[in-house]
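> Here's the letter readout for the chains.
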Amino acid sequence: MKNFTILVFTISGMIFANSARSQTAARSGKGMNPDMSVNFMGVFQQGSALSNDRLEGDHNGFNFNEAELQFTSDVDPYLRATALFAVAAEAGEFAFEAEEVYMETLSLPSVTLKLGKFKSSFGKQNILHPHAYSFFEVPLINAALLGDEGLNEMGVSAALLLPFSWFSELTLQSQTLSNESLFNSAKSNQLGWLARLNNLWDLNDSTTVAFGISGLSGKNQFNRQSSAWGADLTLKWRPEVGGKYRSIAWTTEYIGSFRDNWIDAETSQSFEKLGGLSSGFNFQLDQRWSTGLRLERLGIPNIAPVNAINKISAIIGFFPSEFSGFRLQYAYSKNESASKADHYAGLQYNISIGAHPAHVY
Amino acid sequence: MNMKKIFALILLLGNLAHAKLMVVATTTDLSSIAKEVGGNLIEVESIAKGTQDPHFIEAKPSFMLRSAHADLLISVGLDLEIGWLPNIIRGARNPKINPGNDGFLEIGESLQTLEKPTGDLSRAQGDVHPQGNPHVTLDPIRAGQIAMIIAERLAKLNPENAALFQKNGQIFSDRLKSKTELWKKRIIATGISKVVTYHKTLTYFLDRFAIQNAAILEPKPGIPPTSGHILDVTQIMKKQNIKLVLIENYFDPSIVKKIQSIDPGVRSEIVPVSVDGEKAIGNLDELYETLVQAVEGKK
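Just so you know, the protein sequences line up as chains A and B, in that order.
In terms of the working numbering, the first sequence is numbered consecutively and its last residue is 361.
In terms of the working numbering, the second sequence is numbered consecutively and its last residue is 1299.
Just so you know, the hints here were simulated from the structure itself, not pulled from any lab data.
Small disclaimer: the values here were computed from a predicted structure and weren't measured.
Be aware that one or more of the hints could be misleading.
[Stated by the list, open to error] Calculated pairs, EDC-like style, for lysine to aspartate or glutamate (alpha carbon to alpha carbon, straight line, at most 20 Å):
no., chain 1, residue 1, chain 2, residue 2
1, A, Lys244, B, Asp1079
2, B, Lys1258, B, Glu1248
3, B, Lys1243, B, Glu1296
4, A, Lys244, B, Glu1058
[Claimed, not checked] Label pairs and their computed distance ranges (CB to CB):
no., chain 1, residue 1, chain 2, residue 2, range
5, A, His359, B, Glu1109, 20 to 30 Å
6, A, Ile312, B, Leu1114, 44 to 54 Å
7, B, Arg1186, A, Phe44, 54 to 64 Å
All C-beta atoms in this analysis are idealised placements derived from N, C-alpha and C, irrespective of residue type, glycine included.
Given these sequences and hints, build the entire structure.
Here is the structure:
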């Protein structure tokens, strides 16, 4: 306890001793208001596996996916806050929820501490918001294991820049275990643990390769341990000359899991292992056009009651500016136990208004 | 480990000062000016390459790593780097370079800017900059002013060498002032008083040498040229007898052919707009010289 108290005092001393001032200088006309933005997306779609019932979350015809309202601002010289609310259609009605609301430290050397409700740093896909997805939806394994909204819990995070000659970041998080498909732990005081190591190397001035590994663990609803692990590899290329018009991003991610004693609610069968692989390639054709292809397999290892599903998605996008995008996606998926394959086609719009976004690499 | 040891360790880490000041600049123009001012007393590198559009740099984690060790981060500001620099600063986890601290220097706010929009702003106007055009380093006189701003900040970080930084800044500023007089004479000799450019990148250069930028090939800032707009621009050129188009070299060069197919009498020059924008351009003197030669038709 004594050591813990010293640690807390030391960290708080470091946070509050630094004289760093506001990250965002108050600009004329804006005063002290936070940066505000609204991002919304919708789709017109037709899929052989989709329902014609408009009360279903995802149905044929016009769908309003969601609108995200984001507020960010420095709190004081030491902290920065982000509040991101989502309005999404659920069973024919609109639900308003706090997607991410957290604070981060600004003035600590080498580390960023984060406290609040936020997307867990598990793998490459989970931390993204829907408007930043390379394809319309998350890979099959992310949806099956972490749910449509991903792993998003309350907790604390420390992201440490390791003292290596390349970029290497170690993220440690402690979080609640509310996620229904992975944990849904019985008691609110049970906490899960997550670790992620992300490395990036510049192969040359145009090309980077990033490799990350993640692992997390916590008690599940059967009071046993659920664990998940993942590895991701990303290659990015944007030439030094003509980089406005050409670029490539290729991400491959594997996620595996073991949910001890897990019983599937629908089939009442044991359903402990679940894993899957996805590999997506995006190619920028011009200043405003891009295309992509993603291959996926859910069910590595392939354990009943889920049969393996293979899926191919192809996408083409037109982006009139940084703030608007229109994309057309076709997807083919086949459950290995089904006789027929599923086909899907959709046209999506993606709009952003308000404060200029800072793009994540 | 007791409390004293922890604090001793923190103090020790804080005092492991580099022999040279580590400077990171957002663009090659700024790193070049910083080199002139800091000489051997600083190590400086640029995030953007000279061939890249500084509006659209990716916030690569490797830039965060470089910035993590910086004593000073120099940026233009004026929203030039707004899409990427905030992420680099946060990712660097280096309180020295946080805005408001001595290790953060935004030179734009100390300069007189051009094309500052008045009235209500809207994104329907394209990628407009509320505080004015951010391509300030293309004016040799403002480059001299930037050198003095950087000298002042380096002096604050390394007071022992304040006089040297001031002297270096002054030498650079004076050198560009006297060269500007010669460049002015050469531009006047060409008789060219109006040009067309792709984007409003060259505003400060053209303003300094009294050349009017009569039309822009982008219909609105950040929006690529359409065939209809290119046709409109060539008609403006015919009416006003404009014979020179300057294409900043990070834009699509195929537009040169499109213009020539409409009006073969027009001379189009693809020009670098940053230090290292072409292999032979190692500093700002060489950049301005190349731009003057492009106007003269000698590039």
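> Hints first: check each against the structure and report whether it holds.
Results of checking the hints against the structure:
1. Of the supplied pair hints, the one linking Lys244 (chain A) and Asp1079 (chain B) holds, its CA atoms being roughly 19 Å apart against a limit of 20 Å.
2. Restraint check for Lys1258 (chain B) and Glu1248 (chain B): the C-alpha separation of about 16 Å stays at or below 20 Å, so the hint holds.
3. A distance of roughly 12 Å separates the Cα atoms of Lys1243 (chain B) and Glu1296 (chain B); the hinted pair therefore holds under the 20 Å criterion.
4. Straight-line distance between C-alpha atoms of Lys244 (chain A) and Glu1058 (chain B) comes to about 11 Å, which keeps the hinted pair within the 20 Å bound.
5. Separated by about 24 Å at the C-beta atoms, His359 (chain A) and Glu1109 (chain B) satisfy the suggested range of 20 to 30 Å.
6. Between Ile312 (chain A) and Leu1114 (chain B) the Cβ separation comes to about 52 Å, which falls inside the hinted range of 44 to 54 Å.
7. The hinted window of 54 to 64 Å between Arg1186 (chain B) and Phe44 (chain A) holds, with their beta carbons roughly 59 Å apart.
The structure meets every hint from the earlier list without exception.
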